[in-house]
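Student: Take a look at the letters that make up each chain.
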Amino acid sequence: MSVPQQIITIAVIVLGTVLTRALPFIIFPEGRKPPRFITYLGTVLPSAVIGMLIVYCLRKPLLTNLHALPELIATAVIIILHRWRKNTLLSIAGGTVFNMLLVQYVF
Amino acid sequence: MESRRTIAGAFREALVKTLPICVGFLFLGMSYGFLMKSRGFPTVYPLFMSMFIFAGSMEFIAINLLLSAFNPLYSFLLTLMVNARHLFYGISMLDKYRGLGWKKPYLIFGMCDESFTINCTSTVPEDVDRGWFMFFVTLLNQIYWVTGAVSGSLLGNILTFNTEGLDFVMTALFVVMFINQWDSSEDHRSALVGTAASLLCLFVFGSGFFIIPAMALIVLVFALTARKEALS
Chain A
1 MSVPQQIITI AVIVLGTVLT RALPFIIFPE GRKPPRFITY LGTVLPSAVI GMLIVYCLRK
61 PLLTNLHALP ELIATAVIII LHRWRKNTLL SIAGGTVFNM LLVQYVF
Chain B
1 MESRRTIAGA FREALVKTLP ICVGFLFLGM SYGFLMKSRG FPTVYPLFMS MFIFAGSMEF
61 IAINLLLSAF NPLYSFLLTL MVNARHLFYG ISMLDKYRGL GWKKPYLIFG MCDESFTINC
121 TSTVPEDVDR GWFMFFVTLL NQIYWVTGAV SGSLLGNILT FNTEGLDFVM TALFVVMFIN
181 QWDSSEDHRS ALVGTAASLL CLFVFGSGFF IIPAMALIVL VFALTARKEA LS
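For the protein sequence lines, the chains are A and B, in the order given. In terms of the working numbering, the first sequence opens at residue 1 and continues consecutively. In terms of the working numbering, the second sequence opens at residue 1 and continues consecutively.
Only chain B is shown next, with the shape it has when bound in the complex (with noise of 0.2 Å):
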């Protein structure tokens, strides 16, 4: 039976665990909105596009999109091409997004990176329920990058200290659950294959299509190396 509880602390455990994004959703959401109005767009289009795509980078480049000429084949093309790498979260919560039920829909529409990465690494006490953690991490990051898109647009920047670098607290989440991922698991090789394949296509192909090339040489590596073990 699901409790009021069980639900309750869920929520307290996901709320802890977004902490990061709160501020980083909030900051870069604000900017988000920021840029789209300076560009002369009105409240509500940050506010649906933060709500329905929910892919921060995508709606940044959906900005220039919106201000060329019409073209939704390559608007399409594009958006898959940015957004490949979900491929990879999918198939990592084939298993942990299994018999979830009405969740499961959303959990995998507001898949974003960091509810991936949250969802994906974190242990959650025996007392939670893994169901509605990951429910409510996936909506209270979908509430902070709303409610920064959307102040943004309508109080522009209030932010009055310098926030010069602070965007970095995503890439610092990506590191701590990076290193707790390490810690967890006797075997380094898939953080290496996937850090080095990912650093050399970066150099080889630049930084504007490097996701998509590094993503098959790691499923190569990994077809390659672990044929044996995979298939026992």
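Okay, chain A solo, but in the shape it has when bound (with noise of 0.2 Å):
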């Protein structure tokens, strides 16, 4: 690929992802009340995206058999720390780092 020819794929890349971000705000202006529907997703989805984040995130690992069990260790390890000290930054960083400990010397 010529340097023009990677510009050109980079921009385009740029433009595709600025579209997904962008689209919902551009068919619903400010000015414009949206329909209910739209308005109602608005309120159910931040949840059930997270949710699917959380799959995205683990895809990998959840295709490959015990592949997953140190990160599901490890979740379930922040589910208890964050019911238990409510600590955001401790719940991340107790879960990371019993995950690292997890796949560098137990797997």
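Just so you know, these hints were derived from the structure itself, not from any lab. Any given hint could turn out to be false.
For lysine-lysine, the following DSS-like pairs were computed, each having C-alpha atoms within a straight-line distance of at most 25 Å [as the list claims (entries may be wrong)]:
{"#": "1", "chain 1": "A", "residue 1": "Lys33", "chain 2": "B", "residue 2": "Lys103"}
{"#": "2", "chain 1": "B", "residue 1": "Lys17", "chain 2": "B", "residue 2": "Lys104"}
{"#": "3", "chain 1": "B", "residue 1": "Lys17", "chain 2": "A", "residue 2": "Lys86"}
Using the hints, put the two chains back together into the complex; each one sits in its own frame.
Tutor: Spelled out as structure tokens, the structure:
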């Protein structure tokens, strides 16, 4: 690929990415009231989409049988830690370090 | 009036809330920059790509696109497919990004998974300006990412400890935000619908192409179950 072709490729990736982020704002601009179903989706999607993100992050380990085990155990540790101390940073750090110990020393 | 104190307060709040992302983005950005370098791309490539694309998974895919035959239409369609989940972020933020003036285009441009997650789920103290907070969350995340990508390209792999499993920090962030969302609401249906639909589609369609079917299924379930409440 020549340099101009590389620049065009990067430009279309930028365009595609911006488009997926901006489209709802273009279709439903501030002045106009969006349809009620869209407003409803805006209230229920946040929880749904974060659940989807977790599955997206775990997609590869989840499909390879036991490889998901360290991540799933670490996820359980996060849930317990967060129920116990309610400290976001502690839960994230604790879960990540636990996962690192599991994949490096146990599995 | 936006005093300097308001802005500083929002910056401090954003700094604390994005700390895990700082760790994750510096690390992932460095692996991205290092990978670009090992594929023969000079530092200017990861610099501009991390700055302008600012979508982690797509930037890793872009490396392969740049190394294969020139096909802009395919690159464009692949980008739409990989980043389709952003549509849901936009719909969720229609209201929260309303009326923010010049900050709004930047907030939309910088709406990666992590910025969305923080901006969508965080409750900020009353004396902190929400607009400035969300602006700094987005800006800081972008600074972390670009810094990681550039230093990975310039310095190579400088992390001398075993980093295996460190990439889990991003998953950990989403899990904690999921719990926070769960606790802040009495109604857990949407969290369950999103997770179950995604899991189902992952096992049916495989890891390469399950997000779009999952999104369709989520919208379908919401359309069928919530008709009465939504339209009354």
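Student: Indicate, hint by hint, whether the structure satisfies it.
Tutor: Here is how each hint holds up against the structure:
Annotation: proposed proximity of Lys33(A) to Lys103(B) holds, straight-line Cα distance about 21 Å (limit 25 Å). Of the pairs offered as hints, the one joining Lys17(B) and Lys104(B) holds, with about 20 Å between alpha carbons and a cut-off of 25 Å not exceeded. In summary, the hint linking Lys17(B) to Lys86(A) is supported, as the alpha carbons are separated by about 14 Å, within the 25 Å threshold.
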